[in-house]
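A.B. asks: Sequence:
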Amino acid sequence: AQHLKAHADSDDLPAIAIIAVTLLAVTVAVVSLFQALNHTGETVWTLVIAFASVIFGWLTIHTMTALHYAHLYWRPHTVDGKRQHRGGMDFPATKEPCGYDFLYFAVVIGMTAQTSDVGVTTTAMRKVTLLHSIVSFFFNTVLVAAAVNAAVSLAG
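Mind the numbering: the sequence shown is residues 5 to 160 in this note's numbering, read in order.
Don't take every hint at face value.
Per label pair, the in silico range of CB-to-CB distance [stated by the list, open to error]: (1) S137 x H81: 23 to 29 Å; (2) Y104 x S137: 18 to 24 Å; (3) T44 x G123: 46 to 52 Å; (4) H7 x L51: 37 to 43 Å; (5) Q6 x V52: 36 to 42 Å; (6) D94 x T47: 45 to 51 Å; (7) I59 x S137: 18 to 24 Å; (8) V156 x G103: 38 to 44 Å; (9) T125 x F60: 30 to 36 Å.
Pairs of lysine-lysine, DSSO-like flavour, derived with a Cα cap of 30 Å [said to hold, decoys possible]: (10) K86 x K131; (11) K99 x K86; (12) K99 x K131.
The hints are simulated quantities; they were obtained by calculation from the structure and are not laboratory data.
Built from N, CA and C at the ideal position, the CB exists for glycine as well.
Assemble the whole structure, with the sequences as input and the hints as a guide.
C.D. replies: Dropping the structure here:
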């Protein structure tokens with residue numbers, strides 16, 4: 005938590021860079037998976053690498069958004085002459101959330117498209133959460149389509 009707090013302004017990437025890297029990772033993962041599934045004569049290793057790229061693409065989405073959530077949360081601003089962090093999330097029973105708290109939130113959004121016990125308390129954080137939910141929904145939809153395609157290809 006201390007590192008995130010100390011570097012909230014300097015280490016965060018612009019939202020467009022996060023979106024670009026995430027979309028690139030997702031595109032590579034999905035294209036490699038569909039190519040491996042739809043070409044005859046592929047080796048087992050080709051399929052393993054294709055499935056691994058999907059897993060790494062999924063992890064990339066949620067890891068990058070977790071870091072962005074942390075930077076948005078800890079970014080300092082001044083209220084009534086006092087410097088404090090922006091916040092935007094309410095982590096129950098947690099005074100200073102750490103990286104795992106933000107990763108937990110990002111993975112829950114990515115897997116369920118909803119929040120769990122963490123409350124989103126600002127409009128700025130809701131915007132990021134909404135975008136993350138939409139990207140996750142489409143990526144998960146493509147994964148389901150790929151799984152169906154894989155089942156049909158392997159069965160038939």
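A.B. asks: Each of the hints needs a verdict: does it hold here or not?
C.D. replies: Here is what the structure says about each hint:
Checked against the hint of 23 to 29 Å, the pair S137 and H81 passes, with Cβ atoms roughly 25 Å apart. In this structure, Y104 and S137 meet the distance hint of 18 to 24 Å, their C-beta atoms being roughly 20 Å apart. Checked against the hint of 46 to 52 Å, the pair T44 and G123 passes, with Cβ atoms roughly 51 Å apart. A hinted range of 37 to 43 Å for the beta carbons of H7 and L51 is consistent with their spacing of about 39 Å.
The supplied range of 36 to 42 Å is met by Q6 and V52, whose beta-carbon atoms lie about 39 Å from each other. Our hint of 45 to 51 Å for D94 and T47 holds, since their Cβ atoms are close to 49 Å apart. Take I59 and S137: their Cβ atoms lie about 20 Å apart, and the range 18 to 24 Å holds. In this structure the supplied range 38 to 44 Å holds for V156 paired with G103, their Cβ-Cβ distance being about 40 Å.
Roughly 32 Å separates the CB atoms of T125 and F60, a value that falls within the hinted 30 to 36 Å. At roughly 26 Å between alpha-carbon atoms, K86 and K131 fall within 30 Å of each other, so this suggested pair holds. For the proposed pair K99 and K86, the alpha carbon gap of about 19 Å is at most 30 Å, so the pair holds. A C-alpha spacing of about 24 Å is found between K99 and K131, which places the hinted pair at or below 30 Å, so the restraint holds.
In the structure shown, no violation is registered for any of the earlier numbered hints.
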